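Trainee: As a plain string of letters, each chain reads:
Number of protein chains: 2
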Amino acid sequence: MDCPIPISEYEHILLAHGGGGRLTDQLIRRLFYAGLSNELLESGHDGAVLPPLSGKVAMTTDSFVVDPIFFPGGDIGHLAVNGTVNDLVCCGAVPRYLSLAFILEEGLPMEELWRVVRSVGETAERVGVKVVTGDTKVVEKGKGDRIFINTTGIGEVLPGIEIAPARCREGDVVLINGSVGDHGIAIMNARKQVLFDTGVKSDTCSLWGMMSRVLEEVPGIHVLRDPTRGGLASALNEIASASGTGITLYEKEIPVSQGVRGASEVLGLDPLYIANEGKILVILPAEEAERALSVMQSFPEGKESRIIGRVTSENRGLVQLETVIGTSRIVKMITGEQLPRIC
Amino acid sequence: MDCPIPISEYEHILLAHGGGGRLTDQLIRRLFYAGLSNELLESGHDGAVLPPLSGKVAMTTDSFVVDPIFFPGGDIGHLAVNGTVNDLVCCGAVPRYLSLAFILEEGLPMEELWRVVRSVGETAERVGVKVVTGDTKVVEKGKGDRIFINTTGIGEVLPGIEIAPARCREGDVVLINGSVGDHGIAIMNARKQVLFDTGVKSDTCSLWGMMSRVLEEVPGIHVLRDPTRGGLASALNEIASASGTGITLYEKEIPVSQGVRGASEVLGLDPLYIANEGKILVILPAEEAERALSVMQSFPEGKESRIIGRVTSENRGLVQLETVIGTSRIVKMITGEQLPRIC
Numbered sequence: 001m002d003c004p005i006p007i008s009e010y011e012h013i014l015l016a017h018g019g020g021g022r023l024t025d026q027l028i029r030r031l032f033y034a035g036l037s038n039e040l041l042e043s044g045h046d047g048a049v050l051p052p053l054s055g056k057v058a059m060t061t062d063s064f065v066v067d068p069i070f071f072p073g074g075d076i077g078h079l080a081v082n083g084t085v086n087d088l089v090c091c092g093a094v095p096r097y098l099s100l101a102f103i104l105e106e107g108l109p110m111e112e113l114w115r116v117v118r119s120v121g122e123t124a125e126r127v128g129v130k131v132v133t134g135d136t137k138v139v140e141k142g143k144g145d146r147i148f149i150n151t152t153g154i155g156e157v158l159p160g161i162e163i164a165p166a167r168c169r170e171g172d173v174v175l176i177n178g179s180v181g182d183h184g185i186a187i188m189n190a191r192k193q194v195l196f197d198t199g200v201k202s203d204t205c206s207l208w209g210m211m212s213r214v215l216e217e218v219p220g221i222h223v224l225r226d227p228t229r230g231g232l233a234s235a236l237n238e239i240a241s242a243s244g245t246g247i248t249l250y251e252k253e254i255p256v257s258q259g260v261r262g263a264s265e266v267l268g269l270d271p272l273y274i275a276n277e278g279k280i281l282v283i284l285p286a287e288e289a290e291r292a293l294s295v296m297q298s299f300p301e302g303k304e305s306r307i308i309g310r311v312t313s314e315n316r317g318l319v320q321l322e323t324v325i326g327t328s329r330i331v332k333m334i335t336g337e338q339l340p341r342i343c
Numbered sequence: 344m345d346c347p348i349p350i351s352e353y354e355h356i357l358l359a360h361g362g363g364g365r366l367t368d369q370l371i372r373r374l375f376y377a378g379l380s381n382e383l384l385e386s387g388h389d390g391a392v393l394p395p396l397s398g399k400v401a402m403t404t405d406s407f408v409v410d411p412i413f414f415p416g417g418d419i420g421h422l423a424v425n426g427t428v429n430d431l432v433c434c435g436a437v438p439r440y441l442s443l444a445f446i447l448e449e450g451l452p453m454e455e456l457w458r459v460v461r462s463v464g465e466t467a468e469r470v471g472v473k474v475v476t477g478d479t480k481v482v483e484k485g486k487g488d489r490i491f492i493n494t495t496g497i498g499e500v501l502p503g504i505e506i507a508p509a510r511c512r513e514g515d516v517v518l519i520n521g522s523v524g525d526h527g528i529a530i531m532n533a534r535k536q537v538l539f540d541t542g543v544k545s546d547t548c549s550l551w552g553m554m555s556r557v558l559e560e561v562p563g564i565h566v567l568r569d570p571t572r573g574g575l576a577s578a579l580n581e582i583a584s585a586s587g588t589g590i591t592l593y594e595k596e597i598p599v600s601q602g603v604r605g606a607s608e609v610l611g612l613d614p615l616y617i618a619n620e621g622k623i624l625v626i627l628p629a630e631e632a633e634r635a636l637s638v639m640q641s642f643p644e645g646k647e648s649r650i651i652g653r654v655t656s657e658n659r660g661l662v663q664l665e666t667v668i669g670t671s672r673i674v675k676m677i678t679g680e681q682l683p684r685i686c
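Chains Z and D supply the protein sequences, listed in that same order.
Letter 291 of the first sequence, counting from 1, is numbered 291 in this note's numbering, and no numbers are missing.
If you want this note's numbering, it's the position in the second sequence, counting the first as 1, plus 343.
FYI, nobody ran anything at the bench for these hints, they're computed from the structure.
Remember, it's a predicted structure, so these values are computed and weren't measured experimentally.
We treat Cβ as the ideally placed atom computed from N, Cα and C, and that holds for glycine.
A few of these clues could be false.
Pairs of lysine to any residue, SDA-like flavour, derived with a Cα cap of 20 Å [said to hold, decoys possible]:
1. Z:K192 to D:E483
2. Z:K56 to D:L501
3. D:K544 to D:E644
4. D:K399 to Z:V94
5. Z:K141 to D:G679
6. Z:K130 to D:K399
7. D:K535 to Z:E140
8. Z:K141 to D:K484
9. Z:K252 to Z:R306
10. Z:K56 to D:S397
11. Z:K141 to D:E559
12. D:K399 to Z:R306
13. D:K484 to Z:D67
14. D:K399 to Z:G55
15. Z:K56 to D:E499
16. D:K544 to D:Q601
17. D:K473 to Z:R29
18. D:K675 to Z:R306
19. D:K675 to Z:R22
20. Z:K56 to D:E385
21. Z:K56 to D:K399
22. D:K675 to Z:D25
23. Z:K130 to D:E499
24. Z:K141 to D:P683
25. D:K484 to D:W457
26. Z:K56 to D:V437
27. Z:K56 to D:N381
28. Z:K332 to D:R372
29. Z:K56 to D:P395
Sample of chain D residues at the chain Z side, in silico, Cβ under 10 Å [claimed, not checked]:
30. S555
31. L612
32. Y616
Just chain Z, with the same shape it has in the complex:
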């Protein structure tokens, strides 16, 4: 579908598109409604009025400032939906509703906004969440960077599920659904920071389809966490610190694709710190691991799922790596900024 506001009318976003008047109204009705249409969004109200939610409610927010906004494997619209959906999944919740707020830079091509809105709409439809309310602001050229998006999600926590970083226990094992570092390398590639084509695509995807089945089969999961900014290492450090346990990782079990490995070596990066957008860490009692793995492996986004670590009572609050050469070292939380604006 072509951009509903043709180039002959408005080729670029103007400050007035964020002014709350006629142009804002046109943007909402012609562009946003066309890309995101559902009956709750179109009430023309200051907010959405939603049917009652059952049980506990999960709420999560994320702003997306990824640069560039289009990259191999996805775009900022995919990230904005999948990222927030995955955070709801990590709370053990059925993703239900999203809000969508844009901060646009004056001069943004209308066509680019349309591509992003369409990708938000398509991704939301695939996952089964509804974009029910939104906001658009425009800042002067040079005071923003093309498109920033905030998505905030609400979901219904599954009955009987209790997932929290503090529930990580000695005797648990750590699973992951596939290779690490793909998103970060795809972004660096798109920025031409890698001087050869790695062929790596972002792993951005919704984890809800797979995890809804896993949670049904294995409701006793203790922790779920998507290792985005800061990568696997930072996510596990947060969990070790919140639960007061030690986490031991097996380096040889952590899947890293050829392309990510090659690019990381050239750039001097550690894949354990590179961002992911379609990975999930599942921490659960060892005896339930096989059941979870068999469900995960039956999904395309989980076919490489495996056990990559265990939870211990040694080195409390720390993450330790057993390396391929048989030594071991402490893996800390990321300190500096490896890759700014990765999501």
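Knowing the structure of chain Z, use the given hints to seat chain D on it.
Mentor: Okay, now just chain D, sitting in the frame of chain Z:
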């Protein structure tokens, strides 16, 4: 309370404060928790898990890009809380929870972030909403502008209340709780676009205290709307259009302060199009107006409340102004951008 991260440690925001690692963690624990503390926020989870909500749920989102971030009468932190709370109020909902997402520009003084976080915390506490989840991104210097904030709110729609723009009916009257244009002129003043001191302060405030009492006394209200960007004229145009009614305004009844009137004349602006951040339009059957007004007038933010118009079956979809000199004219939705980045 002094900034919990002293100048001797980090005087400015670095890219790494948004990297998801140690500095992000420090910012969250030392600065955000200190300014916003509540038990739901501090779970260290990817999102908040909230107790069940009763009845229908309202959800609303707003990004704030106001320039400057500090201005007479408030700052971006006040706006972010009050603006989202007021949108929930306009859905007839009890404001309950907020998410809070920052997009910071590299180099922002830490002290300024702290002032804003504290003002978010204090405003939220005054209103009785909880900030339960958040996010922080940092963009390179020159790719943002100090601080952008997104707040998304959820609330519980009051039982028996049904408020929507489409419910506006012939025979209704239009009330407002005070003078228009103060916020916009205060911002222009702060930007030194007005070359004399108008003494005008932003009207930013939460409308929940007053409106909770009004909704209790007069549950039959048809429409609530806060006339922010685009001002009174744009808000009423949206309502006229959504409901297919005509709205007639009495110019002599619309309160405009001396300072706003003076500045508007100098700048060639029409106060009907200037943004407000503490005003609400109440549209309800004429016979209920007196009861609503007497409650509104008993609150400081409503002491100037009055009837400023009526809903008719003439000029459907349009807003008409009966001027002080006895003529009448159609008042359209704002077309260009009068005041960019007013909220």
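Trainee: State for each hint whether it applies.
Mentor: Each hint, compared with the structure:
no.	hint	verdict
1	Z:K192 to D:E483	holds, 18 Å
2	Z:K56 to D:L501	holds, 19 Å
3	D:K544 to D:E644	holds, 13 Å
4	D:K399 to Z:V94	holds, 18 Å
5	Z:K141 to D:G679	holds, 17 Å
6	Z:K130 to D:K399	holds, 16 Å
7	D:K535 to Z:E140	holds, 18 Å
8	Z:K141 to D:K484	holds, 14 Å
9	Z:K252 to Z:R306	holds, 11 Å
10	Z:K56 to D:S397	holds, 11 Å
11	Z:K141 to D:E559	violated, 46 Å
12	D:K399 to Z:R306	violated, 42 Å
13	D:K484 to Z:D67	holds, 14 Å
14	D:K399 to Z:G55	holds, 13 Å
15	Z:K56 to D:E499	holds, 14 Å
16	D:K544 to D:Q601	holds, 12 Å
17	D:K473 to Z:R29	violated, 32 Å
18	D:K675 to Z:R306	violated, 62 Å
19	D:K675 to Z:R22	holds, 9 Å
20	Z:K56 to D:E385	holds, 17 Å
21	Z:K56 to D:K399	holds, 14 Å
22	D:K675 to Z:D25	holds, 13 Å
23	Z:K130 to D:E499	holds, 19 Å
24	Z:K141 to D:P683	holds, 12 Å
25	D:K484 to D:W457	holds, 19 Å
26	Z:K56 to D:V437	holds, 18 Å
27	Z:K56 to D:N381	holds, 18 Å
28	Z:K332 to D:R372	holds, 17 Å
29	Z:K56 to D:P395	holds, 4 Å
30	S555	violated, 16 Å
31	L612	violated, 13 Å
32	Y616	holds, 8 Å
Of the numbered hints listed earlier, those contradicted by the structure are 11, 12, 17, 18, 30 and 31.
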